[in-house]
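Undergrad: Residue-level listing of the chains:
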Amino acid sequence: MLTITNIETFYGNIQALRGVNVKVNSGEIVTLIGSNGAGKSTLLMTISGVNKASAGEIIFDNKNIQNLPAHDIVNLGISQVPEGRRIFSRLTVEDNLRLGASANQKGVHYNKEVKDVYDLFPILKDRLNQRGGTLSGGEQQMLAIGRAMMAKPKMLLLDEPSLGIAPKLVNQIFLAIKNINREKKVTIFLIEQNAKKALELADRGYVLVNGNITLEGTGQELLKNQDIQAAYLEGGGKK
Amino acid sequence: MDLAYFLQQLINGVTLGSVYGLIAIGYTMVYGIIGMINFAHGDIFMVGAFVALISFILFALTSIALPVVLLLTLLIAMVFTACYGWTVEKLAYKPLRKSFRLAPLISALGMSIVLQNYVQAAQGARIKTLQPVIQGGFTFMEETGFTVSLSYLQVFIVLVTIFLMAIFTLLITRTALGRAQRACEQDRTMTALMGINVDRTISITFIIGSSLASVAGMMFVMYYGVIDFYIGFLAGIKAFTAAVLGGIGSIPGAMLGGLLIGLIEVFWSGYISIEYKDIAAFTVLVVVLIFFPTGFLGKPDIEKV
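Protein chains in written order, with the numbering used here: chain A, 1 to 239; chain B, 1001 to 1305.
Among the hints, a few may not be true.
What the hints assert, rightly or not - Short derived list, chain A residues pointing at chain B, Cβ under 7 Å:
hint, residue
1, N6
2, I14
3, R18
4, N51
5, V74
6, F88
7, L91
8, L99
No lab work stands behind these hints: they were computed from the structure.
Glycine is no exception: its CB is placed at the ideal position from the N, C-alpha and C atoms.
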């Protein structure tokens, strides 16, 4: 469904991605793990067309997308839930959801899609008229995912959905991601620092180090890999 | 006598404030969406006044009824001036969008000079006059010795302003376009990730701001009957002051600020001294900014991270 070949992306003079190859098949949950500054978010922003790759190829549904503007890529069916959620804090929850529906034939299916979002995150229904900025971190994450789902994407890119969120809500959010994949048939590409949770959920995973993919395998294989256990699972007081 | 005089100033002030308010909306919308002061906006207003003047003169040669002429002039001024605003944005600001913050500002100052010289070259440097298009009016309080007059033209100006402001307020608060604009104000990258064409949203903002400024230009030429290529400078600066006074970025603020600047200017002229009316508006601005740094209706950022 999504094939990324030898992608290189620069931030000014700094090369953030050094020839990354990733493949995501239709219906899969694929995760990309890596430490801060490895280039994970850059990769997602490159897929979404916010950052432009200087070399390489991104093919989505047999279409070359690396030179398309960001809004066209969303309209092709790739939605992103970015790092730090980036909800429109001064706008109401309802406005956020309606904005999310813009890509889905300019929002004509709003009423239908919003029901699915309420099923995933019932709390949003009670918050409709509140400003986005008044929600708690976990609720904002739910809103960010709900907003992305309003576009009825074929593929969802998630950037650290567990970052800065109460542990209880993290479970709820991972459950929702699983639901989105299994029931709504949305392909998921998930970036996480919480490597254990991500690998448990994922069908396959990649490890990104300094802009290079160093390892790939099924979620279970990577969970058992000793290098990964040492670097991402046991260290850093994550236990 | 005193009350009558006061009422007369009030009427004049509200009329002038309407013109400033219409221009101020353009400043505030552009600031809101791309965070730059469009210094060429006053000159867009001037272009609008010229387009309106030219179409009035052309229609004067025909026998079309006055209300139709007014409506057609309004539409022609809005469309032509919107094209100017759109072109200025495409040529002078869009290529600089990823540049440093001062670049589009300098470009805007340049565009201001370009527009002034363009109109000067195309239309000549001498003042242009327009005979009163709408005459007559109401008079009140004749028995007090000071007749208060409210001309039909003033009624027309205020009504058209209220009507347009209501329409555009609805546009911003109730439509998908307005929602996209408010989203762009906050986070353009994220707005693009909603599948919204940000460049087009910005273009539309310039088109709306320019067409409102053109209406102000039309009102100005009808009200004062005299224009030249330089009127955009002072009117622009005053409307900018109005936008800052109301809280830059806030559309109700721009309307309120415009009204206040109009009233301050007229009352100052009426009660204190007509010579220093320009200083009055700017003095009030300085004082307000000391006590309300974000203007009267400026939004403080509430953000929870």
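Undergrad: Would you mind marking each hint as holding or not holding in the structure?
TA: Status of each hint after checking the structure:
Given hint, A:N6 at the interface with chain B, is violated; its Cβ is 24 Å from that chain's nearest Cβ, farther than 7 Å. A least Cβ separation of about 17 Å between A:I14 and chain B goes past the 7 Å threshold, and the interface hint is therefore violated. At about 24 Å, the closest approach between the beta carbon of A:R18 and any beta carbon in chain B exceeds 7 Å, and the interface hint on this residue is violated. Evaluation of the A:N51 hint against chain B yields a violated restraint, the C-beta minimum of about 10 Å exceeding 7 Å.
Against a cut-off of 7 Å between C-beta atoms, the interface hint on A:V74 holds, since the closest Cβ of chain B lies about 4 Å away. The beta carbon of A:F88 is positioned within 7 Å of a beta carbon in chain B (closest approach about 5 Å), and the interface hint is therefore held. Hint on A:L91 holds. Least Cβ distance to chain B is approximately 6 Å, under the 7 Å limit. At about 5 Å, the closest approach between the beta carbon of A:L99 and any beta carbon in chain B falls short of 7 Å, and the interface hint on this residue holds.
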